[in-house]
Amino acid sequence: MSVYDTIVIGAGLTGLTAACRLAQAGQKVLLTALGEGALLLAPGCIDVLGFQPADSQQPVKDPLAQLDSFLSDNPDHPYRLLGKETLAAGLTAFQELVNRHGLNFQGDPHHNWHLPTTIGAVHPTCLAPASMAGGDLQKAAKVLIVGFRELRDFYPTLIADNLNSQSLGVQASALQLDAPPPVAGRVNITPIQLAHAFEDPLFRRRLVQAVAPHSKGVDKIGFPAVLGLAEHAGVLADLQKGLGKPVFEINTLPPSVPGRRLFEALRDAFLKAGGRLIIGGKILAGRIENGRVVEIRLETASRAKPLRAENIILATGGIFGGGLQTDASGRVWEPIFGLPLHAEDNRHRWFTRSFFASTGQPVANYGVMVNARFNPVDEAGQPVAENLFAAGAVLAHSEWTRGRTGDGLAVTTAYAIAEQLTRSAQ
Amino acid sequence: MSTETTLDDITRSIWEQVQFTADLCVKCNICTSHCPVANVTDLFPGPKYVGPQAQRFRNPKELSVDDSLDYCSGCGVCTMVCPHGVKVMEMNAKARYKLYRDKKPIPLRNRLLGRTELQGMLGSPFAPIANAVFQLRPVRILTEWVLGIHRDAPFPPFSFETFRGWFRGVYQKSPHRLKSEKKVVYFHGCSTNYYEPRVGKAALAVLEHNGFEVVVPEQVCCGLPLLSNAEFDAARHKACQNIASLVKYAREGYKIVGTSTSCTLSLKSDYRHILDIDTEDARLVAEQTYDICEFLLDLANAGELKTDFQPMEAVIPYHAPCQLKAHNMGLPAIDLLEMIPGVKIQLVQADCCGIAGTYGYKKEKYQIGMDVGRPLFEQVIASGSPIAICDSETCRWQIGHATGAKMLHPVELLAQAYGLDVNQG
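Chains as they are written, first to last, in my numbering: chain A, 12 to 437; chain B, 39 to 463.
It is possible that part of the hints are untrue.
In silico EDC-like cross-links for lysine to aspartate or glutamate, where the CA-CA straight-line distance does not exceed 20 Å [said to hold, decoys possible]:
id	chain 1	residue 1	chain 2	residue 2
1	B	LYS382	A	ASP279
2	A	LYS153	A	ASP172
3	A	LYS283	B	GLU376
4	A	LYS39	B	GLU325
5	A	LYS39	B	ASP336
6	B	LYS65	A	ASP164
7	A	LYS293	B	GLU325
8	A	LYS293	B	GLU199
9	A	LYS39	B	GLU376
10	B	LYS293	A	GLU310
11	B	LYS217	B	GLU416
12	A	LYS283	B	ASP373
13	A	LYS283	B	GLU416
14	B	LYS99	B	ASP80
These are calculated hints, taken from the structure and not from any lab test.
Just chain B, with the same shape it has in the complex:
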């Protein structure tokens, strides 16, 4: 093949910018027919219309053309199934930013939902009281009236002990703490810090068990909840803080491992492709970032993962979150968990659970989210399994809410199979 630069090389670099991928669209409708939202409501006409088609009418100097894109959940199934490389979801996220900037103020509700750290910082120190109060029906009804957060939306209880608090207070002080040449950075995300420290504890235990010393550097919210609520400037601020903190480790060759597939997707892709932070540092952090199951399966394929699992007879339903599929790396959790003797993972055939980050919390979108997730919920219930597995936190909360199943992150099952005491450190 010739190596000279052709006209096509130049046009391709333009196409790689999200907005220009609209030109790759052949209107085949594959995205629309897979769109979980368009299949349950006509409030959203579908990704083809709102994405590449409307993109032709989006002039930076003119008002946004289509308010219905607020009903896009941002799940990204459209980008995934597009056989022509159109970045539909990314295009819609950018258009939503412009829609709010041009036409309407961002509601207080969206600003609150976008600030997961603020919620955690306010809720966690008063967890026993906050949890008790927020479980009261009248409080939820009031919250729905005043803020527009649906009364039935799945809020997990705050954890009184934050993951970072435990890490500093217990883990780091533990005499058993592993010192090793092999080091990884752990990105815990807000959900692990404020709601589910057990996921982070399991991750640390599993990584240590495999000989890795774990570093937990300064980090803030990945910014995705802000991004999906059209607050790009605030999201960029978070992104830059994370990049500045993580790049020091990335430069030294550390891998950055996360347990939240949406946080890791932000680090890998959204910072650059949606927030346009295309710096050398951002690229370096992206290249070094791994989903924890991806990281562990790479170890396994290289023959470096410990396999001293205790057998466990179980058939367990597993949902692969949209934000995991967008990593384009397959479903590493399945191969990893099936290394546990006796475990059979049953992949639930569903596009999306419907929660899509903060989408399903909103009063006007809660029912859409539940309708989107119905086929998934039915399969989990039909499986009869008391537990189900999912890599992403809000999906776990949604599926648990809709099915009553106990929801685990894959790394929790691994820690259990290794027989690790996750609270010790």
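In isolation and in its complexed conformation, chain A is listed as follows:
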């Protein structure tokens, strides 16, 4: 029977951030997840607050300054448990963490980057890799957007036309290329495979030759976010040198290369700090006795294995992530501990009549209710277990799609819990 200080369930942004911080603080940590979390599906930036009010057309410029207004519109959002100071401290700590492990995240909690998306819309985000922050649309510039015929779902003309139509001060032009060999002519290439190709210096030399003649008179050049994986920093520097201009990345459809870089940086930081990782290990159930989780059961290849720890962090995500389960009858439940939920077991109440309702969809706010320590609580506000904590998208009232608060919520709730657990251990 294993004894850990903390077991973190879930390998998304929340779980990895919490696990890293605890392992680096000297705890014996096990991170276990049914599979890899959603980082590979996200642009790999940290959105803290993108639109306020949620149906505003104007992206937020200073997320921290808008927090009070956001919380008055969304009084139950978990940000209320953190406060501005913890929110800012969590973001700064996250930035330091990933930048110590080979990434280069830029930004601060009082500033949003406005980055172009893969359809040329504006993506307000707080912390972004330098390669993506370079695409910020708040400064007037002439930009060239380059795409490759081999990479589906990235159309430079669409991006440039949409950027130009929004009077952003950015003048965009488009260049669609055949990628150099060995990618040339391939179909079905994924961003990850293309990123591997970019790590080859010969591939990059050929690419620079193809792009350079079209780059006269532009201030910077945007590529799909495929500029290398482990060797990203070198790939970026080499392209900027070859083209003689700043180069930036624009997110693609999944799988996301910046998301993969972020996953790998956090995973490696965790392992380096002595953390133990089981990807592919589903937690079947947890047992709570006298107000404490005494055991959780891991589904191994042929039997359930009991695991024990002083503390458990539930970072299993919302309905999409599998942290909440639903069925055709409308039932909603938390599958590991059967926690009390803010939810309605009636499908007719999951949605409003309007898809784009300014109130959002009720189902997106379903989740685990917590107290100020992030212990799950019942309807009466009583903690279910004192050594169980919930963070990230599994939390109730964390509707993140409209305000774009998901990454900030993940990083800062993970931070707040990790701080609490390392403080209490001291």
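Position chain B relative to chain A; hints supplied.
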């Protein structure tokens, strides 16, 4: 939570069947972006396309739709990283069986590679000659031309003395042999029997040192090489023989401990989930089966493992094989070996070594295997360590072949640290 049976309970039991897990796929591409094969060749479009996506077009009464699935190495990284519970690798293994059954005869080469016992039975008695002949370059080139087994693929030398021969002839006759109330069953697998008896000897020494009397019952090849070469009927035959022999011990509560992570994974999971042998006996054997490091670490966590290790100053690279990760139990070897004072285990960050059982031996797949393993080989070489550790035999052979490192099973290092004479019994 309510206890009544809902519609969802019923649909879930259907989903648990491998083919139906295709319905859990949300097309997120996490599997494809981690697929070691799809990342080095475009001959394999990736697990999402060949697995859950193509599954919709697989009708038992119609021909297979996609020949590219022959390039799936079966490593199982896809199943491991899938956050939605899709059994991608298992789905592909079954589809490959159907592909060969419907469309093409299984080549003689694949039939030979699938029969590790036959290779051993033919090679081992003539080991000195067989090894010398098989090292000759012209012989390997000829084997490549005639059979399609790549000339550079890593074949270890046959051992003249088989593990079973030693067990019967030396170990069982030894006056020092431990009699104990605590008993375990040892599943050695073909590699230990015919190529690396030293691994089995180390396992026995370590188990005995911890007070266990070791039983080595009748056993045959686990069947995985046959399974991965689409010979399901032959694999089922092996599986049933093993289950029949092992279940007698499982019923009495014996734990079945193995040193080959792929054999133990077959006993734990593949028999039921790929070969569809879902009997009470199969379940019982699966429940009682342990990887040796898993077994020893459980002992350690219960305070029952001897820790009289001699200190050993070393930083040693360790590769966790795909077939070990598929046990979903973590990497017990690391925690176990780091109990040896002075030992620091360096986990190599790589998905797969590329050999994938018999995959990397095939002429048309050897280079893919080497490309898959490159990041792993580079890390082992960069470590500068003369030895490296890995739980699975074909991975050891592949990494040794590519890096020149001396490859050990974790239990060999443990035996060394305990200061045990493994040849005595």
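So, going through the hints one by one against the coordinates:
no. : hint                   : in the structure
1   : B/LYS382 with A/ASP279 : holds, 17 Å
2   : A/LYS153 with A/ASP172 : holds, 13 Å
3   : A/LYS283 with B/GLU376 : holds, 15 Å
4   : A/LYS39 with B/GLU325  : violated, 28 Å
5   : A/LYS39 with B/ASP336  : holds, 17 Å
6   : B/LYS65 with A/ASP164  : holds, 15 Å
7   : A/LYS293 with B/GLU325 : holds, 17 Å
8   : A/LYS293 with B/GLU199 : violated, 42 Å
9   : A/LYS39 with B/GLU376  : holds, 14 Å
10  : B/LYS293 with A/GLU310 : holds, 18 Å
11  : B/LYS217 with B/GLU416 : violated, 46 Å
12  : A/LYS283 with B/ASP373 : holds, 14 Å
13  : A/LYS283 with B/GLU416 : holds, 19 Å
14  : B/LYS99 with B/ASP80   : violated, 29 Å
In terms of the numbered hints stated before, the structure departs from hints 4, 8, 11 and 14, listed from lowest to highest.
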